[in-house]
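So the protein lines, in turn, are chains E and S. Here the first sequence is numbered in this note's numbering, starting from 1 and rising by one per residue. Here the second sequence is numbered in this note's numbering, starting from 1 and rising by one per residue.
Derived by calculation from the structure, the hints in this document are not laboratory data. In this text, a Cβ means the ideal position worked out from N, Cα and C, and glycines have one as well. Don't take every hint at face value.
[What the hints assert, rightly or not] Derived contacts from chain S toward chain E, CB cut-off under 10 angstroms, selection only:
#: 1; residue: Asp5
#: 2; residue: Phe48
#: 3; residue: Asp53
#: 4; residue: Ala258
#: 5; residue: Arg260
#: 6; residue: Met262
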Amino acid sequence: MSPSSRFFSRILGIGLTLAAVALLAVGTIWLVAADGATAAAEKEQWTTGRSDGAVTRTVADVAVALFVVIPLVAYLGLAWGFAVERRSVHLVLALVQIVLLAALGLPLLWTLGMGLL
Amino acid sequence: MSGFDPAQLELYAAMLSLLAVCFAIGIVAVMAGVGGGVLFVPLISAFFAIHVDYVRGAGLMVALVGAIAAAPHLLKTGLSEPRVSVPLALAGSIGSVVGARLGLAVPTDVILLILGVFMVLVAIQTGLTAFRDRGAGANDPTRREPEANHDDGPRRESPREAEPVGFLEGLLGLSGSYHDPRLNREVSWSARRTAIAAVLFVGIGAIGGMLGVGAGWANVPVLASVMTLPLKMAAATSGLVIVANSSAAAWVYVAEGAIRPMIVLPSLIGMIGGTRIGARLLGRVQPQVVRILVVVVLTVAGIRTLIGALG
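The whole structure should be built from the sequences, with the hints applied where relevant.
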């Protein structure tokens with residue numbers, strides 16, 4: 001196993017841990033802070049679906065996004081690490097993937113940005 | 001906080017029941033050799049009063065976390081090969097984003113209909129796997145490979161010459177070897193029909209993104225049968241593909257507000273706990289019995305979902 005893949009495999013593990021801790025913390029805080037009305041709205045929305053946007057999502061979105069962003073960054077890093085190691089067509093391949101996946105993620109970044117502002 | 005508010009208690013009870021069911025799903029998934037996500041979405045959507053959008057969002061997170069938790073170990077052993085998974089993950093990611101957008105755009109009844117058909121198909125696939133293993137005399141649970149938890153594919157382990165056989169395979173360097181500790185020797189591999197596999201992975205990603213399931217049930221057969229990779233390597237490489245596909249699709253679900261921590265949180269805790277217990281029980285339970293149980297439950301859930309969608 002190359003040093004780059006070893007490095008990025010560690011990032012995968014650390015990313016998972018950090019994301020899990022972040023989600024747990026935010027979820028716990030949200031739950032403790034929730035009053036009866038909020039809890040009822042949350043439970044109600046479980047059934048009705050996304051059309052009733054009664055519960056604020058911004059903080060939760062950021063926490064959940066950690067789950068998504070960290071593995072994606074690790075994945076891109078993995079591709080990049082192997083590309084650099086082989087100095088071949090993988091470099092081009094990794095660049096194409098990075099551009100494409102970044103484009104795929106733009107809608108979320110926009111949503112999160114708007115939510116935070 | 002208002003103490004013992006009935007609404008809060010109802011929310012806590014729902015979360016606890018979700019955790020308990022996910023714990024059970026985690027145990028059964030490992031012992032049956034199927035991915036957790038592939039059981040999570042059908043069963044939770046069939047038996048819980050949770051909107052299917054949220055179930056699919058949580059299912060993606062379950063698949064993502066399960067795959068990423070296994071990734072470091074699989075990379076370390078060399079069974080999971082990024083040279084194979086990265087190009088396929090790109091194809092799968094594009095498909096999964098398209099599938100996720102499509103899945104959140106079409107009416108709920110249509111999704112339930114597709115989900116019901118999917119459940120029945122997975123039940124048939126699981127049943128066939130159980131039947132084939134029984135015919136091959138594979139009842140000994142100790143024969144099971146822990147790497148194959150994303151789903152089973154064809155039982156084949158055929159070391160071949162490590163020579164790329166096509167232009168694309170040669171260009172991407174899709175050949176090599178890994179050390180198999182059980183066989184105690186190097187197993188050579190070389191990929192074939194990568195272009196066809198990439199096209200198939202776009203479709204698999206689309207289904208996975210649309211239904212919010214990990215795609216090990218389809219990844220492994222494609223990697224093993226179409227690309228002719230050794231089964232262990234196929235199962236391990238599938239995990240990396242699931243990480244990328246689920247990540248890409250999850251962006252869409254997060255952006256559309258279809259991932260709720262209050263649902264994801266107990267689901268993840270339950271599944272992680274259940275899979276750990278399931279792994280410990282792996283050698284003590286007949287996998288065939290568990291698979292038959294999965295077939296029955298998935299069939300019932302599938303019919304129930306179909307009736308709900310059509311009714």
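Here is how each hint holds up against the structure:
1. Asp5: With a minimum Cβ separation of about 3 angstroms from chain E (threshold 10 angstroms), the hint on S:Asp5 holds.
2. Phe48: Because about 8 angstroms separates S:Phe48 from the closest Cβ in chain E, which is inside the 10 angstroms limit, the hint holds.
3. Asp53: holds (6 angstroms)
4. Ala258: Given a least distance of 6 angstroms, the restraint on S:Ala258 holds.
5. Arg260: holds (7 angstroms)
6. Met262: holds (6 angstroms)
The structure is consistent with each of the numbered hints, conforming to all of them.
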